[in-house]
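Participant: Given chain W, put chain Y with the ligands in place with the hints provided.
Chains as they are written, first to last, in my numbering: chain W, 1 to 335; chain Y, 1 to 415.
If you are wondering where the hints come from, they were derived from the structure by calculation, not from laboratory data. If you're wondering where the values come from, they're calculated on a predicted model, not measured in any experiment. Even for Gly, the Cβ is constructed at its ideal location relative to N, Cα and C. Incorrect hints may appear among the rest.
If the Cβ cut is set under 7 Å, some of the chain Y residues that face chain W in the computed set are [said to hold, decoys possible]: (1) GLU55; (2) PHE84; (3) MET177; (4) LEU187; (5) LEU189; (6) VAL205; (7) VAL207; (8) GLN273; (9) LEU279; (10) ARG283; (11) LEU286.
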Amino acid sequence: MSVLEVRQLTVDFAQRRGPKFRAVDEVSFELYAGETLALVGESGSGKSTIARAVSSLIRPSSGEILLNGKRAGTRGRRLREYRRAVQMVFQDPFASLNPAFSVGHHLRRPLQIYGHPREDLDIAVEGLLESVSLVPPTLMASKLPHELSGGQRQRVAIARALAPQPQIILADEPVSMLDVSIRLEILNLLDGLKRERDLALLYITHDLATARHFSTHIMVMYRGEIVERGLADDVILNPSHPYTQLLAGSAAGAIRSGRRQVTAPVERQAKKSNIALAELSETVSATGCRFRARCPHAMEICAERPVELSVGDPGHTAKCWLFDPKFRAKSTTTR
Amino acid sequence: MTLTRPNETSNKPANGVVLSARNVTVEYGGERPTRAVRNVSLDLRRGEVLGIAGESGCGKSTLAFALTRLLRPPATMIQGSVFFHGLDGSDPVDILGLDAVSLRHFRWDKISMVFQSAMNSLNPVTSLRRQFSDIFEAHVPEMSSDERDERSRSLLEMVGIDPKRLKGYPHELSGGMRQRVGIAMALALNPEIVVMDEPTTALDVVVQRDILDEINGLRKELGFSIIFITHDLPMLVEISDRLIVMYAGEIVERAPSEWVGQSPAHPYTLALQDSCPDLLGERKELRGIAGVPPDLRERIEGCSFRPRCPYAFGPCATVHPELIPPFAVPVEFTTVRDMSATVSVEEKSSLRQSPVITPTAGDWRVACHLHARELNPEGPPHELAGATRSGSGATTSQESGYNLASPPGSAGEGQ
Ligand SMILES: Nc1ncnc2c1ncn2[C@@H]1O[C@H](COP(=O)(O)OP(=O)(O)OP(=O)(O)O)[C@@H](O)[C@H]1O
Ligand SMILES: Nc1ncnc2c1ncn2[C@@H]1O[C@H](COP(=O)(O)OP(=O)(O)OP(=O)(O)O)[C@@H](O)[C@H]1O
Ligand code: SF4
Ligand code: SF4
Ligand SMILES: [Mg+2]
Ligand SMILES: [Mg+2]
Chain W
1 MSVLEVRQLT
11 VDFAQRRGPK
21 FRAVDEVSFE
31 LYAGETLALV
41 GESGSGKSTI
51 ARAVSSLIRP
61 SSGEILLNGK
71 RAGTRGRRLR
81 EYRRAVQMVF
91 QDPFASLNPA
101 FSVGHHLRRP
111 LQIYGHPRED
121 LDIAVEGLLE
131 SVSLVPPTLM
141 ASKLPHELSG
151 GQRQRVAIAR
161 ALAPQPQIIL
171 ADEPVSMLDV
181 SIRLEILNLL
191 DGLKRERDLA
201 LLYITHDLAT
211 ARHFSTHIMV
221 MYRGEIVERG
231 LADDVILNPS
241 HPYTQLLAGS
251 AAGAIRSGRR
261 QVTAPVERQA
271 KKSNIALAEL
281 SETVSATGCR
291 FRARCPHAME
301 ICAERPVELS
311 VGDPGHTAKC
321 WLFDPKFRAK
331 STTTR
Chain Y
1 MTLTRPNETS
11 NKPANGVVLS
21 ARNVTVEYGG
31 ERPTRAVRNV
41 SLDLRRGEVL
51 GIAGESGCGK
61 STLAFALTRL
71 LRPPATMIQG
81 SVFFHGLDGS
91 DPVDILGLDA
101 VSLRHFRWDK
111 ISMVFQSAMN
121 SLNPVTSLRR
131 QFSDIFEAHV
141 PEMSSDERDE
151 RSRSLLEMVG
161 IDPKRLKGYP
171 HELSGGMRQR
181 VGIAMALALN
191 PEIVVMDEPT
201 TALDVVVQRD
211 ILDEINGLRK
221 ELGFSIIFIT
231 HDLPMLVEIS
241 DRLIVMYAGE
251 IVERAPSEWV
261 GQSPAHPYTL
271 ALQDSCPDLL
281 GERKELRGIA
291 GVPPDLRERI
301 EGCSFRPRCP
311 YAFGPCATVH
321 PELIPPFAVP
331 VEFTTVRDMS
341 ATVSVEEKSS
351 LRQSPVITPT
361 AGDWRVACHL
371 HARELNPEGP
381 PHELAGATRS
391 GSGATTSQES
401 GYNLASPPGS
411 AGEGQ
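Extracted from the complex, chain W is given alone in its bound form (with noise of 0.2 Å):
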């Protein structure tokens, strides 16, 4: 059984003038103990908006959250329990941590919240020090924020995270301001963690190349819906939405193994709207797949909303049409 199930997760946010701007649109998922599944997407898609949904930082307008098969608690002792068990990293070690205080504050306080016996704080502080390889632990307690690298920062946050022994963390682009040793070192404590405490870990970034290597399953976002999704391996090898064509196609790494070669004519086609229309046609209202306006494929169908697709591996789904049997045959001449 999943830890965690979101279901129909849908977030809107007020505007100034005209009508609601919706940020994530009826969005499902599941996270498992012990598993990784990566959220990648473009920017301002709603990745950080589902996360914090998700994390009962925002309220989402609609859908159900499941936390080991019951309903998250919006209050109260439950909500308390909901957020003990779901805790955040952050993309910035820079700004997530205050200046003022020392790394062992920051760790006692959220073993106070949740209740830790006050006689062995200490050793717990130096316990979680040492889980994230911040060593000599009682030397690192006492430091500052300023005394310490992004990465060493970055380890503070996810000692933190793991203070009120949660069993989910969502990790919100938590490498991406760091260099690639240091990236490969935080994720690899992450992957570590996750196995050693059977942690589910929902991993948000743009770095499709991490996003393979460190997760079992990868979800696609574009526009506040989920596009794509399936094993980590069958997305990024075999890219079936032509967002998620693109997106894999503009990769450095696909660019040197000459994967771009395949995908430029696709690019090409889209590039000249991509800036001009990246935002414009937002509004959610707007019906029909909401890739259409970039997509070299589009279709007369296409005007009404897709449908998630199975693309042929095993819950490896698109939404679009191009995966449906009716219009496959007119696509494949277009392809």
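Facilitator: Positioned in the frame of chain W, the structure of chain Y with the ligands alone reads:
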């Protein structure tokens, strides 16, 4: 602040250089000062993208701050010079000598900067409209309020943000959108130089490419130069004309980007490249470069990379490597080729004024003893550039590597 100025006449940069820095050394003061930038010299050519890569803490941001005179205590530039060569043909501007008023005009107008933390450096309680207007009011007071809005909207559109958001506030934008606003602001006044410190860390590759294309298009049109700082070596190889790899505060390799991408000359550059996870390769355990960079508060004996270098040999422990040409430039690299895919040589020549100097083999420098004939007559191993490539018939003598005339501008650029 006392500065030792090297003999400027001998180091005079050639035509086509817009910013020249010589022997820049920066320390963060304290009981044991951190020497974050060590004797760095570089020339930024008009219209080029110069990349700076290197691990965290190697001094990239500190160097960028030194070049734009944005260093704040406890940082001091203890040695070096930075000159700006404007388009108007007037005398070079000594950036370190500018008074407060001139400096204020100089920034944004001539040199602008996208900060590493651009995402969080926007004022959260001020609307985007206000933040754009502030820049215009300060620098182009004659602009009307309508013109300011018009220009702000087109800047937002350029980075793929709905112009309607101009009235909005930074907290209503996603991380990547805030980062894009930072880029738009840096381009607001058509500066001659834009320094971008990790400007795209929060962007997906498609948006990143669109924006880089857009910037590149503007660069073609307006002829400004870019210093682009990032950890992402593969990306940098693609978008820059030349690049510099820094390690422990120093330049360890400087080369035409495309060639570095194919055949780095410095062991550190190679390690950096190998540590980038490959999108389509085997799934395997990924590790970064083993070991950690040296403590910049210490004196560094010999080569700073030695403790992590798999190729270290005798002299590395005691002799500090200087920037020298690589042992031999692989023959396939000796033909001059334009590096930036989207700008042809002809197009470049029509830039505002002087033609862009195309990177050549003569631009290549590496600080590693493997390339020094006196210390290592065999030359470096095959995976590093300059190896004598037997079998492939591409065996190149040193001569064939550098008898290409060094382009002007490479002469004094730091040895
Ligand atoms: N408080 C808010 N008020 C209004 N709109 C908001 C608010 N927060 C987010 N949005 C909008 O919701 C959309 C999704 O934002 P979100 O931060 O989830 O994107 P993201 O996928 O995380 O992007 P990035 O990769 O750039 O971080 C964006 O268009 C953003 O402008
Ligand atoms: N305010 C400061 N006080 C003391 N030392 C500092 C300060 N800022 C930076 N340093 C040190 O100077 C060195 C270079 O830092 P810098 O920020 O220039 O590196 P960087 O290459 O930009 O790294 P990153 O990729 O993480 O941004 C580091 O060793 C850092 O610890
Ligand atoms: S549904 Fe149509 S427009 Fe949308 S991605 Fe598929 S083919 Fe393109
Ligand atoms: S000088 Fe020596 S230690 Fe330094 S990079 Fe070259 S081989 Fe390695
Ligand atoms: Mg985000
Ligand atoms: Mg930096």
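Participant: Tell me if the interface restraint on VAL205(Y) is satisfied: Cβ within less than 7 Å of some Cβ in chain W.
Facilitator: holds (4 Å)
Participant: Would you check whether LEU279(Y) satisfies its interface hint, that is, whether its CB is within less than 7 Å of any CB in chain W?
Facilitator: holds (3 Å)
Participant: Have a go at the GLN273(Y) hint: is there a Cβ in chain W nearer than 7 Å to its own Cβ?
Facilitator: This hint is violated: GLN273(Y) lies away from chain W, its Cβ roughly 10 Å from the closest one there, beyond 7 Å.
Participant: Can ARG283(Y) be said to touch chain W, with a Cβ gap under 7 Å?
Facilitator: holds (6 Å)
Participant: Given LEU187(Y) was flagged as interface, is its beta-carbon under 7 Å from a beta-carbon of chain W?
Facilitator: violated (14 Å)
Participant: Given a cut of 7 Å on the nearest C-beta pair, is the interface hint for PHE84(Y) held or broken against chain W?
Facilitator: At 30 Å from the nearest chain W Cβ, PHE84(Y) fails the 7 Å test, so the hint is violated.
Participant: Hold the hint about VAL207(Y) up to the distance rule: shortest CB distance to chain W must be less than 7 Å.
Facilitator: holds (5 Å)
Participant: Identify whether the interface hint at LEU189(Y) stands, where standing means a beta carbon of chain W within less than 7 Å of its own.
Facilitator: Because about 21 Å separates LEU189(Y) from the closest Cβ in chain W, which is outside the 7 Å limit, the hint is violated.
Participant: Holds or violated: is the Cβ of MET177(Y) closer than 7 Å to a Cβ in chain W?
Facilitator: holds (5 Å)
Participant: Hold the hint about LEU286(Y) up to the distance rule: shortest CB distance to chain W must be less than 7 Å.
Facilitator: OK, holds: LEU286(Y) within 7 Å of chain W, min 5 Å.
Participant: Is the interface hint satisfied for GLU55(Y)? The criterion is a beta-carbon contact with chain W at less than 7 Å.
Facilitator: holds (5 Å)
Hint violations for this structure: numbers 2, 4, 5 and 8, all remaining hints satisfied.
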